[in-house]
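Asks: Sequence:
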Amino acid sequence: MFLDTIFTASIFHGMCVPDKLRLKSSITFLLLFFWGITIPCKAQTATDSLANDFRSVVAKNFSRYRTVNLYWEMKGSHHYTFASGGTEMEKARKRDLHTIRFSTMIPVVKKKRFSLYGNLQYSNYHFQIQGEPSDIFGQDDYSHYQGGLSASYFASLLGRPFLLSADVSVDGWNEGWGKLQGRFVAAMIFKRGNKTGISVGLAAMALGKIPVMPVFSYWHRFDNPDWSVDITLPSQLYLRYQIKNQRISVGSSMTGDNFYLHTDLSELPSVCYYSEVVIKPEVLYEYIINKHFYLSARTGISVPLKSGLYTKGRKEIKLTGEHLEQDRSLIPFFHVGISYSLFR
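Reading the sequence shown from the start, the letters are residues 1 to 344 in this note's numbering.
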């Protein structure tokens with residue numbers, strides 16, 4: 001989320017503070033994505049540090065994540081199929097899909113180069129199965145909780161700004177605890193300026209199918225300062241246009257939904273972990289209400305990348321050689337949210 005004054009001009013000697021802070025915000029955002037990219041993926045949440053709050057300074061008062069977030073999302077009805085090794089296990093139709101999510105990040109320690117934050121998130125997923133009762137989705141509502149600590153340390157290496165970030169988190173549901181996870185990111189800024197920023201790093205993840213992955217961040221402001229491109233690979237790509245207290249972005253992001261559930265299939269464990277990783281090509285509109293409150297609305301298409309059922313420890317469920325996979329069609333979505341930013 002948002003980093004406070006630990007990223008001061010003394011760390012970025014010789015460069016204007018806003019642009020450096022924005023570059024650091026892009027790097028710190030990588031933590032958020034690599035918390036989520038663990039396959040199966042958890043949804044992107046505000047769990048990195050307060051660096052992204054200062055993104056508001058460099059992006060003309062807009063920040064990527066904020067101190068408190070509340071949103072509601074509606075998705076289109078669709079057919080789905082669960083299968084294992086080519087054998088169909090269940091085929092049905094979901095309708096009346098709604099998600100409500102609340103997240104917050106609280107500062108614990110704030111120093112010049114070091115920060116520590118506690119974070120919490122609650123998600124509620126509602127949908128109905130049309131027709132015959134489902135053996136997998138036995139209820140209409142599912143809750144998912146997660147929380148943890150995120151730490152960031154900013155230093156220099158070989159004369160360049162260098163960020164070390166780590167977090168530990170635990171999740172759960174209404175019936176108990178889920179799993180403990182850890183993530184680590186090391187990233188370096190290779191180019192920094194008023195118009196362009198480039199950073200490269202590595203991310204390590206517990207429970208990841210790919211334990212170590214490269215990360216890349218690129219930001220460029222065009223000659224017309226209202227236009228910019230914002231890329232964090234492999235998680236997002238946006239072309240942005242801003243005028244006064246409004247901003248429109250066109251691009252795509254990677255996110256996901258996940259929760260624990262009981263099923264009535266004898267082949268499965270008593271408790272399973274449902275996860276769906278998606279790419280969302282979208283149009284995003286943001287509006288600044290005042291110096292602390294923001295509104296957002298986005299719409300687009302949810303494109304499934306990987307989804308299915310896993311064990312509680314996020315291992316693949318073995319039936320006939322493969323885990324239980326879900327297939328579904330592309331679906332539209334509409335999302336509205338309100339946020340509060342502790343810092344301006």
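To be clear, the hints were calculated from the coordinates, so they are not data collected in a lab. Note that beta-carbon positions come from the ideal geometry of N, C-alpha and C, so glycine has one too. Do not rely on the hints blindly, as some may be mistaken.
As the list claims (entries may be wrong) - Restricting the straight-line Cα-Cα distance to at most 30 Å, the calculated cross-link-like pairs of lysine-lysine (BS3-like) are: (1) K110 x K75; (2) K312 x K91; (3) K244 x K191.
As the list claims (entries may be wrong) - Computed beta-carbon distance windows for the label pairs: (4) D264 x P214: 15 to 25 Å; (5) G172 x T81: 50 to 60 Å; (6) Y153 x P332: 55 to 65 Å; (7) G193 x D135: 55 to 65 Å; (8) S156 x R95: 19 to 29 Å.
Asks: If a hint holds in the structure, say so; if it doesn't, say that too.
Replies: Here's how the hints hold up against the structure:
| no. | hint | in the structure |
| --- | --- | --- |
| 1 | K110 x K75 | 39 Å, violated |
| 2 | K312 x K91 | 23 Å, holds |
| 3 | K244 x K191 | 28 Å, holds |
| 4 | D264 x P214: 15 to 25 Å | 42 Å, violated |
| 5 | G172 x T81: 50 to 60 Å | 29 Å, violated |
| 6 | Y153 x P332: 55 to 65 Å | 42 Å, violated |
| 7 | G193 x D135: 55 to 65 Å | 57 Å, holds |
| 8 | S156 x R95: 19 to 29 Å | 54 Å, violated |
Going down the numbered hints, you'll see the structure goes against 1, 4, 5, 6 and 8, while the others check out.
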